[in-house]
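**Student:** One letter stands for each residue in the lines below.
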Amino acid sequence: DAGVTQSPTHLIKTRGQQVTLRCSPKSGHDTVSWYQQALGQGPQFIFQYYEEEERQRGNFPDRFSGHQFPNYSSELNVNALLLGDSALYLCASSSPGIADTQYFGPGTRLTVL
Amino acid sequence: AQKVTQAQTEISVVEKEDVTLDCVYETRDTTYYLFWYKQPPSGELVFLIRRNSFDEQNEISGRYSWNFQKSTSSFNFTITASQVVDSAVYFCALSEVNYGNNRLAFGKGNQVVVIP
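Which chain is which? The protein sequence lines are A and B, in order.
Just so we're aligned, residue 1 is where the first sequence starts under our numbering, counting upward by one.
Just so we're aligned, residue 1 is where the second sequence starts under our numbering, counting upward by one.
It should be emphasised that the hints constitute simulated quantities derived from the structure, not laboratory data.
Computed from a prediction, not measured in an experiment: that's the story for all the values here.
There may be inaccurate statements among the hints.
[Claimed, not checked] Only part of the chain A face toward chain B is listed, based on derived beta-carbon distances under 8 Å:
id, residue
1, Leu82
2, Thr101
3, Gln102
4, Phe104
5, Pro106
Glycine included, each C-beta is placed from N, C-alpha and C at the ideal position.
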């Protein structure tokens with residue numbers, strides 16, 4: 001039973017560039033959530049996708065956007081990168097039930113220079 | 001707004017000692033879920049336990065146990081007879097389910113260091 005997978009593992013970009021991170025949910029899950037974790041902090045909720053639509057959104061600017069595909073995989077896009085976007089980006093998947101546990105992938109470490 | 005506080009930042013224990021992690025939460029909702037996740041150096045968040053707001057029964061699962069007290073808004077987690085493999089950052093998280101909101105709000109985490 002495959003767990004949540006994310007790619008790439010690490011990424012280095014420069015300020016102003018754009019980046020796309022990818023996530024495949026755990027088998028049987030159709031809801032994907034994205035979190036940003038700065039060094040030494042807890043993860044912060046970015047947004048959640050279900051049925052190819054953004055269902056919930058945290059307090060992040062419009063530079064952060066996402067997409068969910070028919071196979072439930074998801075992408076996180078960040079435009080006009082800032083130094084402060086350097087973080088571990090975590091993807092979590094769950095069933096659509098509102099109380100279902102979210103299971104996390106290994107994350108993508110983004111460094112913005 | 002939901003809020004989770006984990007007061008201790010780093011806790012060091014000698015192997016085989018017990019370690020208890022404190023978590024205090026704030027919510028206005030009557031229906032919510034509380035979680036503990038473990039984050040080893042690899043970075044992946046590993047789900048450990050979940051409790052809903054209507055079930056205050058405390059349980060033990062292997063070397064893990066938790067103490068949920070709604071009256072004090074606390075959800076503490078204990079590792080019994082710690083092992084070196086328990087060294088990690090532990091996060092407490094809250095999910096409110098009213099109004100279709102199940103996003104997780106995390107505390108800042110507790111760095112647990114188990115010394116052999």
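**Student:** Are the hints correct? Go through all of them and say.
**Tutor:** Results of checking the hints against the structure:
1. Leu82: Violated, about 22 Å.
2. Thr101: 6 Å, holds
3. Gln102: 6 Å, holds
4. Phe104: 4 Å, holds
5. Pro106: Check passed: Cβ of Pro106/A comes within 4 Å of chain B, closer than 8 Å.
Hint violations for this structure: number 1 only, all remaining hints satisfied.
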